[in-house]
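Undergrad: Residue numbers (the numbering used here), protein chains in the order written: chain A, 3 to 291; chain B, 3 to 291.
It is worth saying that the hints were derived from the structure and are not from the lab. Just so you know, these numbers come straight off a predicted model, no measurement behind them. Be aware that a few hints might be false.
[As the list claims (entries may be wrong)] EDC-like mimics (lysine to aspartate or glutamate), calculated; alpha carbons at most 16 Å apart, straight line:
1) 166(A) x 220(A)
2) 284(B) x 220(B)
3) 284(A) x 233(A)
4) 161(A) x 233(A)
5) 161(B) x 31(A)
6) 161(A) x 31(B)
[Stated by the list, open to error] Across the chosen pairs, the derived CB separations fall in these ranges:
7) 232(A) x 255(B): 50 to 60 Å
8) 232(B) x 196(A): 45 to 55 Å
9) 275(B) x 132(A): 56 to 66 Å
Glycine included, C-beta positions come from ideal geometry on N, C-alpha and C.
Protein chains: 2
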Amino acid sequence: MDLQKRIDRNLEQAITFATAGGNPSIICDALRYSVFPGGARIRPRLCLAVALAEGDEAPSASNAAATAIELLHCASLVHDDLPCFDDAATRRGKPSVHTAFGETTAVLAGDALIVLAFETIARECLATPDRIAPLIGVIGRAVGMPHGIIAGQAWESEKSIDLKVYHRAKTSSLFIGSTTAGAIAAGADPQNWYRLGEALGDAFQVADDLRDFASSPEEIGKPCGQDAAHDRPNAVHELGLGGAVQRLQDLVGQAAASIPDCRGSDMLKQLILGEAKRLVPKSLATVAA
Amino acid sequence: MDLQKRIDRNLEQAITFATAGGNPSIICDALRYSVFPGGARIRPRLCLAVALAEGDEAPSASNAAATAIELLHCASLVHDDLPCFDDAATRRGKPSVHTAFGETTAVLAGDALIVLAFETIARECLATPDRIAPLIGVIGRAVGMPHGIIAGQAWESEKSIDLKVYHRAKTSSLFIGSTTAGAIAAGADPQNWYRLGEALGDAFQVADDLRDFASSPEEIGKPCGQDAAHDRPNAVHELGLGGAVQRLQDLVGQAAASIPDCRGSDMLKQLILGEAKRLVPKSLATVAA
């Protein structure tokens, strides 16, 4: 089964669990809408790719970890789009959750996705119960306070920001959570996979900055120019356009080089280099070539 | 150690974990503000009281469960007070979190408290790892979709409400979560403690309706008359004042009668009857006498 199908099948099971009975109906619709159709599913793909590279001896555990990570990512998108944050009317090329279902439902849907993520890990790891605590440990760290994506969003309210700490929390943390959770789910040492998550997360943040700067809303399915509009730090402002593209390429190279020796390392390197090509906005493809 | 001190000490440890390093500073302050000083801590008291009645053989597990339950309760208060929900300016006699720290920080603080709750269970149950999945199971069910407090809030957006299902989700679910988690943490059968949580949750909902109807803001530390203002169901409207007070007393009696035979059953019955007296608004004490 290809990764995308495997991810969506497991997300479908989680959403079915949370919406059993179909009531209350509005939030049930909003939960499904928040998760389907998905974006690139890059974080759960990364989690499963690491698990597969390490043998994926407990697929229920890796499925649970990948599902939880994507549910938490979707929750963060739903809350980030709220009027008090980015006030984004669109996401993934359709109305954002609060635009489609109202603000109260959007807040509650995000909350429910967070709870569902941890329930999924606890429920689906029955065959490998010793992996529940370490999985929740690395995934909780990746999303919560003081180092996860919630902290990253919270940095935007601070008067003074350390750009590196901010980007680490806002973006890299969940990539690190994805690689290390994939390793734990497969019974491997998460430390060997920390650098891959870190480098890819840094690369993804630079790519996100490039897309915000240089893409069209049609290409990325959400508003552009948000960093400039909200006076947020952006790698293009810091390094210039050419410098930011170079930095992205360096980070992808470091990511590929960090992959430890294991039975699936060659497969994973190809996957990383393939994913990296999707990160560059179309309008910058010639700059990056 | 008395229950209140035990609860606050464990909440303090959890908040210290989430705010390690003190940054980002605004949300760190908001997290502490959301949890301290607390209200009656009735749910974690109930969780620990059940664990103690069953012998409390693994205090780390019962502490973790009680802490997680109170963190989730605090998260729900922070989000319920937001402008798009109750738009409450005060809570526990002080400005609500969004009033004090702004709306974005309030959304993120609630999110962070939810994550912290599940991290706490995973981290603190090292001596009893077999209890992590069942604890997350009952606590996740108590707060998440489709039967937990998030579903309860979500019912308020529906055009047609089954009052019993709504109250079960909004209030009783977390009381059931508290009693059953206390039992699981102590290695006991959670089914024996389901009815206690259910009856107390129903009683608490009736008491909450009475307070919203008959108290002053000074007595309960938050605005009154919210149910009428938001056209929400309320037991006083349904049963009349005398009928609602009688219903409350019946439920407390059922709760006390449901306590199973165990070494701490007498202690627990006294605790329940004592707590019940605090539930009645002062202005109704003569009606309830």
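Undergrad: Now tell me if each hint is right for this structure.
TA: Hints, verified against the model:
1. Under the criterion of a C-alpha separation no larger than 16 Å, the hint pairing residue 166(A) with residue 220(A) is inconsistent with the structure, at around 30 Å.
2. Straight-line distance between C-alpha atoms of residue 284(B) and residue 220(B) comes to about 11 Å, which keeps the hinted pair within the 16 Å bound.
3. A threshold of 16 Å between alpha carbons decides the hint, and for residue 284(A) with residue 233(A) the separation of about 25 Å lies outside it, so the pair is violated.
4. Restraint check for residue 161(A) and residue 233(A): satisfied, since their Cα atoms lie roughly 12 Å apart, inside the 16 Å limit.
5. For the hint linking residue 161(B) to residue 31(A), the alpha-carbon distance of about 15 Å falls within 16 Å, and the restraint holds.
6. With a C-alpha separation of about 15 Å, the suggested pairing of residue 161(A) with residue 31(B) holds against the 16 Å cut-off.
7. Range check, residue 232(A) to residue 255(B): about 56 Å between beta-carbon atoms, so the 50 to 60 Å window is met.
8. Taking the beta carbon of each, residue 232(B) and residue 196(A) are about 48 Å apart, inside 45 to 55 Å as hinted.
9. Look at residue 275(B) against residue 132(A): about 42 Å separates their beta carbons, and that is not inside 56 to 66 Å.
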